[in-house]
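Trainee: If you want the building blocks of each chain, they are given just below.
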Amino acid sequence: VIQFMSLLSHLHTKSDEDGVHDSFSQLIQEQCHDLHDVIEMTPLDPEEESRGQILTRNRPLRQESRPSIQHFPRSARPSIRGYGVETDAAGFEEEENKRERLVNNLQNLSDSDRVRMLRAMPLSLSEKKELRMLVLNKAEHSVSQNQIPCCSQLKYYIIIALRHGWYSWLSFLSSLQLWQTALKCVGGRFGTGVLSYFIFLRTLLFFNVFMFLVTGLLLVVPQAIAHPDLDQNITVRSTWGLEVLTGAGYFSHSLLYYGYYSNKPLQTGHSCSASSNKTSSSCGLSYNMPLIYFFTIGALYRFLLMDFIFMLLDTFFGEFLWRVFSQKALKRERKPVFDIARNVLELIYGQTLAWLGVLFSPLLPAVQIIKLLFLFYMKKVSLKMNCQASGKPWRACQMTTIFITLLCFPAFLGAAVCVTYTMWTIKPSASCGPFQGLKNMFQAGKRWFQELAAANPDLHWLPSAHAYLVENPLFLFLSAGIFLIVIYFHSQVVDGQRKIIELLQEQIENEGEDKKFLITRLQHIHERKRRVTPRRVKEASEVHTHTLTHAYTYTHIHTHSHTHTHSLIYTHTHTHTLTHTHTHTHTHTHTHLHTHIHAHTHAHTHTHTHTRALTRAHTLTHSHTHSLM
Amino acid sequence: MGGTSSKLPKDLLSEYQELTFLTKQEILMAHKIFSELQDRENGPYSSRVSMEKVLTLPELKSNPFRKRICHVFSTSDMKDGSLSFEDFLDLLSAFSDSATLEIKSHYAFRIFDFDDDGTLDARDLEKLVNSLTGETDDTRLTAEEMRQLISNILEESDIDKDGTVNLSEFQHVISRSPDFVR
Chain G
1 VIQFMSLLSH LHTKSDEDGV HDSFSQLIQE QCHDLHDVIE MTPLDPEEES RGQILTRNRP
61 LRQESRPSIQ HFPRSARPSI RGYGVETDAA GFEEEENKRE RLVNNLQNLS DSDRVRMLRA
121 MPLSLSEKKE LRMLVLNKAE HSVSQNQIPC CSQLKYYIII ALRHGWYSWL SFLSSLQLWQ
181 TALKCVGGRF GTGVLSYFIF LRTLLFFNVF MFLVTGLLLV VPQAIAHPDL DQNITVRSTW
241 GLEVLTGAGY FSHSLLYYGY YSNKPLQTGH SCSASSNKTS SSCGLSYNMP LIYFFTIGAL
301 YRFLLMDFIF MLLDTFFGEF LWRVFSQKAL KRERKPVFDI ARNVLELIYG QTLAWLGVLF
361 SPLLPAVQII KLLFLFYMKK VSLKMNCQAS GKPWRACQMT TIFITLLCFP AFLGAAVCVT
421 YTMWTIKPSA SCGPFQGLKN MFQAGKRWFQ ELAAANPDLH WLPSAHAYLV ENPLFLFLSA
481 GIFLIVIYFH SQVVDGQRKI IELLQEQIEN EGEDKKFLIT RLQHIHERKR RVTPRRVKEA
541 SEVHTHTLTH AYTYTHIHTH SHTHTHSLIY THTHTHTLTH THTHTHTHTH THLHTHIHAH
601 THAHTHTHTH TRALTRAHTL THSHTHSLM
Chain W
1 MGGTSSKLPK DLLSEYQELT FLTKQEILMA HKIFSELQDR ENGPYSSRVS MEKVLTLPEL
61 KSNPFRKRIC HVFSTSDMKD GSLSFEDFLD LLSAFSDSAT LEIKSHYAFR IFDFDDDGTL
121 DARDLEKLVN SLTGETDDTR LTAEEMRQLI SNILEESDID KDGTVNLSEF QHVISRSPDF
181 VR
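Residue numbers (the numbering used here), protein chains in the order written: chain G, 1 to 629; chain W, 1 to 182.
Worth flagging that the hints you see were computed from the coordinates, not collected in a lab. Even glycine gets a Cβ: it sits at the ideal position worked out from N, Cα and C. Some clues are possibly wrong.
With a straight-line cut-off of 30 angstroms between C-alpha atoms, the simulated DSSO-like cross-links for lysine-lysine are [said to hold, decoys possible]: (1) K10/W with K161/W; (2) K129/G with K32/W; (3) K161/W with K129/G; (4) K129/G with K127/W; (5) K184/G with K161/W.
To be clear about the criterion: a stretch of chain G counts as covered by chain W if any three or more of its residues have a C-beta under 8 angstroms from a C-beta of chain W, and this derived list gives those stretches [stated by the list, open to error]: (6) 98–110; (7) 124–130; (8) 154–168; (9) 508–518.
Given only the sequences and the hints, what does the whole structure look like? Please build it.
Mentor: The following block contains the structure:
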């Protein structure tokens, strides 16, 4: 029974299964009718609900179901177990009933949804198998009655085959996830903080792979296919060894730097359409030779390389030697701790260099990829040998956000600003590179538009539009303004939701207290009534005890009362004014209750604001019942 | 006797694939391991493996909750913690990477509920902390520390302030833990 209850609750908590949810709310309402339960399933629309409405809604007690409001956090059901309230001992038929409905509802889902639901149910495997069989038998049963035998059979087999294929593809994909075992080992032995560093490294690797793919496919490959004519008056030094370090020499006339990239449309045998892109501003740029030297051969490639070398040295000295030192000389018991912050900053630094340099050296992401791959294994080995798990807990998910934020804001934006500035103002080199002879790099885009317009008379508006949009600063201000407004809006929404969370938590607490109060009062009353002996009072007390036992175990009230009520307090007042005749006329008592409560709430407002500082209808009726006793 | 390496029939395999979070290779590997455990059982062949044999698995051997895990996943009528192959698959599925947060937190709750009453009260929490800190005297918490810790835990997780942590509260507090965010 408990399993089925929890099953129902878990099906309820899947907030994205709208279809199942609807059918389940139907199921619950049907159960309401049968078992006279008071369970209210409310609609899910958070925008419609005002605060007042939220405050006056009651939560059902017996089942662990809750309205699955998407944006709201999980609300805990006040637990009344400690008070010895008997849970409903459902009969076997009820269980069968539930199972029937469950099977029906599962049937209505699509196949993948059903699989997902079945998997997520916390039942034992044998029960799931039974359920699945029931569902499939029902499906076959209903389907076999009206269909064309041969076509749908074929379709059936195709679908089965496709599903098998899909599952095997998924398992293959999951096994492909890079470094998954290594990360698991690291995370298991050293904790989530260190794991977050390695995950960050992997994320950076993917960024670089993406950037490399983009620049590589669009820039490097077409250029590599069509060799430009080199400037012959630059002699190439042939000392191979030094070149990897300095990036000069052989490398300086290779794909690594964009002196290599031509500024004319490429002529190849098969006129590739990529050729016209060569003059657009996104591609390689013409070379300001001194600038180039400064950025690449002089600095960025070397920076990157140096950064790598320093990381190597750092790992070696910082971690390996320090451990040896601290164990032998300082005689400390434990190995040093992996310094996550410093390592992350080094990663961000390296990535910033790569971003700064990619403008002038399109293959720099490739260098960065190689460096990151190497770094991963090196750090892993060093970790195993030199470090131990940190004693302090490390809030990994927030830290990951901070890493990415640090990466984005100073690093990426800074690099983007530098690159944009370069493209905008600095005069490209006249002697080499794709942007020879232009005033600045954006000119290339303009020229392309002009060429397009010249080639095709229909597009005459294009250059003027381009000039208007890109060069007019107003457009940029507007877009930046809109962007900021969107950010502000989202931050206000988050603020509001935080407030709602607080409010809901308060509400849960209050409801728990209310119920505790009710139960203890009723217990007292029950005991008091037992001791009273006179006959008349006995009768009345019998009536009262009868009703009181009902009130004491909430579930029983609900099973016997026929009123379709929203609040359980309604039934309290109902039973208090009860005589036998009242049970027959439901609506009559209902309206009677209404006026009753209205009259009394008014009288008792003041007591309640003192005791509880609450102004909700149902707590006011606490005092109502109390005074009647 | 030993040596009965039965193969898993194909339809069962695909059914298990659909109903659990395990991939085909994982299910086959689980079958192999389970058969080996069955072979090592003393006594007649049965479809269930006793708890002592299950606890010899290296993955479970050093887990402080190994006995509770066996009890929670066992569907045996005798409540002795013995596992059938399907119980074993349930166990692996709940602990697998692709299992949903709800499944994991549901089973974690049941594992931590030492007295099986459906809520985590102070006694359950105390046993939980003791299992984590160890049995030796220098690693155990003192009574005062224990009391403080339990009151902190309840303050943070007990939303309706009834002195116990029920399933919903537990799931809520777990969903905020960074280990589960991925």
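Trainee: Evaluate each hint against the coordinates.
Mentor: Each hint, compared with the structure:
1. Distance hint between K10/W and K161/W is unfulfilled; the C-alpha atoms sit about 51 angstroms from each other, more than 30 angstroms.
2. Distance hint between K129/G and K32/W is fulfilled; the C-alpha atoms sit about 21 angstroms from each other, no more than 30 angstroms.
3. A C-alpha spacing of about 39 angstroms is found between K161/W and K129/G, which places the hinted pair above 30 angstroms, so the restraint is violated.
4. For the hint linking K129/G to K127/W, the alpha-carbon distance of about 35 angstroms lies beyond 30 angstroms, and the restraint is violated.
5. For a cut-off of 30 angstroms, the pair hint linking K184/G to K161/W is broken: about 37 angstroms separates their Cα positions.
6. Look at the region 98–110 of chain G against chain W: 0 of its residues bring a Cβ nearer than 8 angstroms to a Cβ of that chain, fewer than three, so the hint is violated.
7. Three residues within the 8 angstroms Cβ limit are the bar, and the region 124–130 of chain G against chain W gives 5, so the coverage statement holds.
8. Counting residues of the region 154–168 of chain G whose CB lies closer than 8 angstroms to any CB of chain W gives 3, so the stated coverage by that chain holds, three being the minimum.
9. Counting residues of the region 508–518 of chain G whose beta carbon lies closer than 8 angstroms to any beta carbon of chain W gives 6, which meets the minimum of three for the stated coverage.
Going down the numbered hints, you'll see the structure goes against 1, 3, 4, 5, 6, while the others check out.
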